[in-house]
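So you can see what is in the structure, the chains are spelled out below.
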Amino acid sequence: MIRSLRRVAPQLMTLVVLAALVSWFFPSFLQIDMSDGRLVGPVIDILKRGAPVAILAVGMTLVVATGGIDLSVGTVMAITGAVAASALVSGWGVPVALILAVGAGMIAGLWNGCLVAVLGIQPIVATLILMTAGRGIAQLITEGRILTYSDTGFGFLGSGSILGIPVPALLWVLTGVLVALLMRRTALGLLVEAVGVNKRASALAGVNARGLIIVVYMASGLCAALAGIIATADIRGADANNAGLWLELDAILAVVIGGNSLLGGRFSIAASVLGAMIIQTIDTGILLAGFPSEYNLVIKAVLVLAILMIQSPHLASEWALIRMQIARRRAAREQEV
Amino acid sequence: MLLTIQSLTKTFPGTKALDGVNFDLSAGEVHALLGENGAGKSTLIKCLTGAYRRDEGEMHLDGRLISPTSTSEAQELGIGTVYQEVNLLPNLTVAQNLTFGREPRRFGLINSRAQKLAALEMLQGYGLDIDVGRDLSSYSVAIQQIIAIARAVAVSGKVLILDEPTASLDAAEVRMLFDVVRNLRDRGLGIVFVSHFLDQVFELTDRLTVLRNGQHVVTEQTAGLDRLQLIHHMLGRDLEAVEEQGHTGHAPIVERPAMLHFTGIGRAGVIEPFDLTVHEGEVIGFAGLLGSGRTESAELLFGLRRAQTGEARDQSGPISIETPQSAIAAGFGFAPEDRKTDGIVAELSIRENIILALQAQRGWARPLPRAEQDRLAADYIKRLDIRTSDAEKAIGDLSGGNQQKVVLARWLAMNPRFLILDEPTRGIDVGAHAEILKLIDRLTEDGMAVLIISSELDELVVAADRIIVVRDRRHVSELTGSAVTSDTIMQAIAAEDHAPAQEVAR
Chain A
1 MIRSLRRVAP QLMTLVVLAA LVSWFFPSFL QIDMSDGRLV GPVIDILKRG
51 APVAILAVGM TLVVATGGID LSVGTVMAIT GAVAASALVS GWGVPVALIL
101 AVGAGMIAGL WNGCLVAVLG IQPIVATLIL MTAGRGIAQL ITEGRILTYS
151 DTGFGFLGSG SILGIPVPAL LWVLTGVLVA LLMRRTALGL LVEAVGVNKR
201 ASALAGVNAR GLIIVVYMAS GLCAALAGII ATADIRGADA NNAGLWLELD
251 AILAVVIGGN SLLGGRFSIA ASVLGAMIIQ TIDTGILLAG FPSEYNLVIK
301 AVLVLAILMI QSPHLASEWA LIRMQIARRR AAREQEV
Chain B
1 MLLTIQSLTK TFPGTKALDG VNFDLSAGEV HALLGENGAG KSTLIKCLTG
51 AYRRDEGEMH LDGRLISPTS TSEAQELGIG TVYQEVNLLP NLTVAQNLTF
101 GREPRRFGLI NSRAQKLAAL EMLQGYGLDI DVGRDLSSYS VAIQQIIAIA
151 RAVAVSGKVL ILDEPTASLD AAEVRMLFDV VRNLRDRGLG IVFVSHFLDQ
201 VFELTDRLTV LRNGQHVVTE QTAGLDRLQL IHHMLGRDLE AVEEQGHTGH
251 APIVERPAML HFTGIGRAGV IEPFDLTVHE GEVIGFAGLL GSGRTESAEL
301 LFGLRRAQTG EARDQSGPIS IETPQSAIAA GFGFAPEDRK TDGIVAELSI
351 RENIILALQA QRGWARPLPR AEQDRLAADY IKRLDIRTSD AEKAIGDLSG
401 GNQQKVVLAR WLAMNPRFLI LDEPTRGIDV GAHAEILKLI DRLTEDGMAV
451 LIISSELDEL VVAADRIIVV RDRRHVSELT GSAVTSDTIM QAIAAEDHAP
501 AQEVAR
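Protein chains in written order, with this note's numbering: chain A, 1 to 337; chain B, 1 to 506.
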């Protein structure tokens, strides 16, 4: 417990600093009210809006832990959203829509996993294929239109709330907790990390590296399906062109801000979802702080750069060196005196 | 002397890669640098070419003390290197490669006509008739090799280091390359030739130097040595004293029940089909030079490479050795030669490395309880005397010998019936070396069979009940009982083709 807290300490501290920063520009940032039996406030809004990236980050963390990367998750969101929406429009009901969407996500993951693990294509290239082709598939499903539906039961997944908390927020917390438990209460976490650090040695020790790699891409596809369902439920329609657009990059960024190495190995799902919340806090915070909208992306970039610089192991050793030099110079000066 | 190296020493954490090595090279000679993997050849070359900084010792070129800090500085000093995998840019033309970094310019732009002329001039005397305007990649590796040599000679021009230049060439190409090398020797260059092919060493070189375990063993006129003596120098007899204490006293093999039968296991281009019967509690040794097929044989037995022919059986019927997983299920274990890339999972802890194979076999859904993991780790740290402050330390932080013990512990935790150890004592200090040999002895008392692959003949003599000699990708002979001595093994390794030394294995 203490060990996992120490692992996520940098991310928690970053969140605290960001919250303080935003509060300085927008004093009621941390204020939470009750209205219509729902909690409302900027923080609740962040928890809700950050859901797709947080859920994507859960799957992405596993893929990254094996030394891979999944660029297709944004597109898979569009595909699964389109599948769910067209199932609803066809009147097949919510359970069928959910099953089809989740199935589509896992098939997408299976495709990626096979390209990487069986054919040995580099992950960035293998998933790029679906990243580009997938929007076409989604457009074929929606027949090029924005597919809208009017099922309030499905919409609940995007805009409903339980005990006042938005459903998407509950979903990402639940996904994160379940996947983290699955990884740490079984041996999956260890085996994934072993494959990520040294695939050859792991395979030689009898680890089914190929199977594990396929599984993590399928998990990523599954997470993308969940995110796609939330996005579709939220806007009550499927937009093949814009659903999940560029979110794969936010998901990767969340994993990186979470302190997970893109080279694979040790991973922390908690840190990744905190990374997703950091990104969402920046996004929402910039809007609340009232900067002209054209500044948003630049400010975001600067903040992200600052966060990553603080985490950089290179810089850490540089700083240690600089500090030592200053100390030495001071000592030399004192000797002269 | 063109180049003299005196008491060169280079230490890496845990090992002394070079220990007071002397080496000299005169102008107009081809000097072979020989030794098994880990002998220190590449460290010596890297110190010479500026890739490593030496810890101690002196290097003089033309009487001047040199300390190159980068390969480009070494090149300017006159030391050029050509590696097995050609270090040129395949997507540029031959002319661009030859003049790279020193392109003839006119008005600040590259003068491509002058570039081609310069390239043609550089290639003169190499017997190549090629179009320097074509991409380097359109030519064979042999020609690329010669182009690399031409470039190295033109840039550096005093010392030329050829590191395994013939590894991927066929016989005709080797002859072509050798003509070029002889020609350069006659022009007064000093050439260092690194190769595992002893025939080529005898054919091409004037003198040779043998390194072993980071130490200089001998420097001799090539013509003054025969094959047997050379192999003797390369493989050494460090454990002579141990050997004299007598054989470890295993019971004769006939008394022990056979456990595993491998028949006709082979793969084209890797190893010719071979038979092997493994008895309970037996230690089998694979002897042979690097590249002879000894490691490849073991890889087929463990499913690391798939055998094209042959089958494996135990008393109860056929067993699958198609993948490491199936071999492990059949009770096999394999501690690989290259510990860093194939053995350890560096970032993970000692505990996690020890339980990895066991956990993989149990499957992901049945995690080994943490208490059990801790018990296993503590148990093996104690039993194998793994020197560490904590089982949670990353294995990458341990010394080579301790890493090897952790890899051994990983397999012992599985309680295998057949354990393959590829170079189990490479790169580890003498103390750990003896401990691991003792451990092997203990294990076989409980009925486990062990297969050891080693370059150190004396180690094989001490540990193994019988030795299978592998040469030129074939199992050529088998030595048992009193026939197992360093000398007989060496003779079997050195025997010419078509003249089987002892009884042939199959």
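None of these hints come from the bench; they were simulated from the model.
For clarity, every value in this text was computed on a predicted model and none was experimentally measured.
Don't be surprised by glycine CBs; every beta carbon is placed ideally from N, CA and C.
Accuracy of the hints is not assured; some may be wrong.
Far from chain B by the CB rule (all over 10 Å, computed), these chain A residues [to be verified]:
#1 Arg7
#2 Phe25
#3 Ile32
#4 Val125
#5 Leu128
#6 Ala133
#7 Ile137
#8 Leu140
#9 Ser159
#10 Val167
#11 Leu188
#12 Val197
#13 Asn208
#14 Ser293
#15 Val298
#16 Arg330
If you anchor each label on the Cβ, the simulated ranges turn out as follows [unchecked claim]:
#17 A/Ile124 x B/Ser389: 51 to 59 Å
#18 A/Arg328 x B/Phe202: 54 to 62 Å
#19 B/Phe12 x A/His314: 20 to 28 Å
#20 A/Arg7 x B/His261: 44 to 52 Å
#21 B/Arg366 x A/Val173: 22 to 30 Å
#22 B/Ala258 x A/Val173: 58 to 66 Å
#23 A/Arg7 x B/Glu322: 34 to 42 Å
#24 A/Arg7 x B/Ser67: 49 to 57 Å
#25 B/Ala329 x A/Ala133: 35 to 43 Å
#26 A/Gly103 x B/Ala172: 29 to 37 Å
Here are the simulated lysine-lysine pairs, DSSO-like style, with alpha carbons at most 30 Å apart [claimed, not checked]:
#27 A/Lys199 x B/Lys46
#28 B/Lys382 x A/Lys199
#29 B/Lys16 x B/Lys116
Hints, verified against the model:
1. Annotated as non-interface, arginine 7 of chain A keeps its C-beta farther than 10 Å from every C-beta of chain B; the closest such distance is 14 Å.
2. Here phenylalanine 25 of chain A stays apart from chain B, with its beta-carbon at least about 41 Å from theirs, past the 10 Å limit.
3. No Cβ of chain B comes within 10 Å of the Cβ of isoleucine 32 of chain A; the nearest lies about 39 Å off, and the non-interface call holds.
4. With a least CB separation of 19 Å from chain B, valine 125 of chain A remains clear of the 10 Å interface cut-off, as annotated.
5. Distance to chain B confirms leucine 128 of chain A as a non-interface residue, since its nearest Cβ pair spans about 23 Å, more than 10 Å.
6. Listed as outside the interface, alanine 133 of chain A is consistent with that label: its C-beta sits roughly 29 Å from the nearest C-beta of chain B, beyond the 10 Å cut-off.
7. Every beta carbon of chain B lies more than 10 Å from that of isoleucine 137 of chain A, the smallest distance being close to 32 Å; the non-interface claim holds.
8. Residue placement check: leucine 140 of chain A keeps its beta carbon more than 10 Å from all beta carbons of chain B (closest about 37 Å).
9. Distance check on serine 159 of chain A: its Cβ is at least 37 Å (rounded) from any Cβ of chain B, clearing the 10 Å threshold; non-interface status holds.
10. No Cβ of chain B approaches the Cβ of valine 167 of chain A within 10 Å, the least distance being about 30 Å, so the stated non-interface status holds.
11. Not every CB of chain B lies more than 10 Å from the CB of leucine 188 of chain A, the least distance being 5 Å, so the non-interface label is violated.
12. Annotated as non-interface, valine 197 of chain A brings its C-beta within 10 Å of a C-beta of chain B; the closest such distance is 5 Å.
13. For asparagine 208 of chain A, the shortest C-beta to C-beta distance to chain B comes to about 6 Å, within the 10 Å cut-off, and the non-interface label is violated.
14. No Cβ of chain B approaches the Cβ of serine 293 of chain A within 10 Å, the least distance being about 43 Å, so the stated non-interface status holds.
15. Every CB of chain B lies more than 10 Å from the CB of valine 298 of chain A, the least distance being 36 Å, so the non-interface label holds.
16. In this structure arginine 330 of chain A is separated from chain B by more than 10 Å, as the shortest Cβ-Cβ distance comes to about 31 Å.
17. For isoleucine 124 of chain A and serine 389 of chain B, the hinted distance range of 51 to 59 Å is not satisfied, since their beta carbons lie about 39 Å from each other.
18. A hinted range of 54 to 62 Å for the beta carbons of arginine 328 of chain A and phenylalanine 202 of chain B is consistent with their spacing of about 58 Å.
19. Judged by the Cβ atoms, the range 20 to 28 Å given for phenylalanine 12 of chain B and histidine 314 of chain A holds: they are separated by roughly 23 Å.
20. Here the CB-CB span from arginine 7 of chain A to histidine 261 of chain B is close to 51 Å, well matched to the stated 44 to 52 Å.
21. One distance hint, 22 to 30 Å for the beta-carbon pair arginine 366 of chain B and valine 173 of chain A, holds here, with the actual separation near 28 Å.
22. At about 60 Å, the beta-carbon gap between alanine 258 of chain B and valine 173 of chain A stays in the expected band of 58 to 66 Å.
23. Checking the proposed 34 to 42 Å range against arginine 7 of chain A and glutamate 322 of chain B shows it holds: the Cβ atoms sit about 40 Å from each other.
24. For arginine 7 of chain A and serine 67 of chain B, the Cβ-Cβ distance of about 44 Å falls outside the hinted range of 49 to 57 Å, so the restraint is violated.
25. Between alanine 329 of chain B and alanine 133 of chain A the beta carbons are some 39 Å apart, a value that agrees with the proposed interval 35 to 43 Å.
26. Roughly 59 Å separates the CB atoms of glycine 103 of chain A and alanine 172 of chain B, a value that falls outside the hinted 29 to 37 Å.
27. Under the criterion of a C-alpha separation no larger than 30 Å, the hint pairing lysine 199 of chain A with lysine 46 of chain B is consistent with the structure, at around 29 Å.
28. Proximity of lysine 382 of chain B to lysine 199 of chain A is assessed by CA-CA distance (about 28 Å); at most 30 Å being required, the pair is judged to hold.
29. Among the hinted pairs, lysine 16 of chain B with lysine 116 of chain B is inconsistent with the structure: their alpha-carbon atoms are about 47 Å apart, more than 30 Å.
Checked against the numbered hints above, the structure breaks hints 11, 12, 13, 17, 24, 26, 29 and satisfies the rest.
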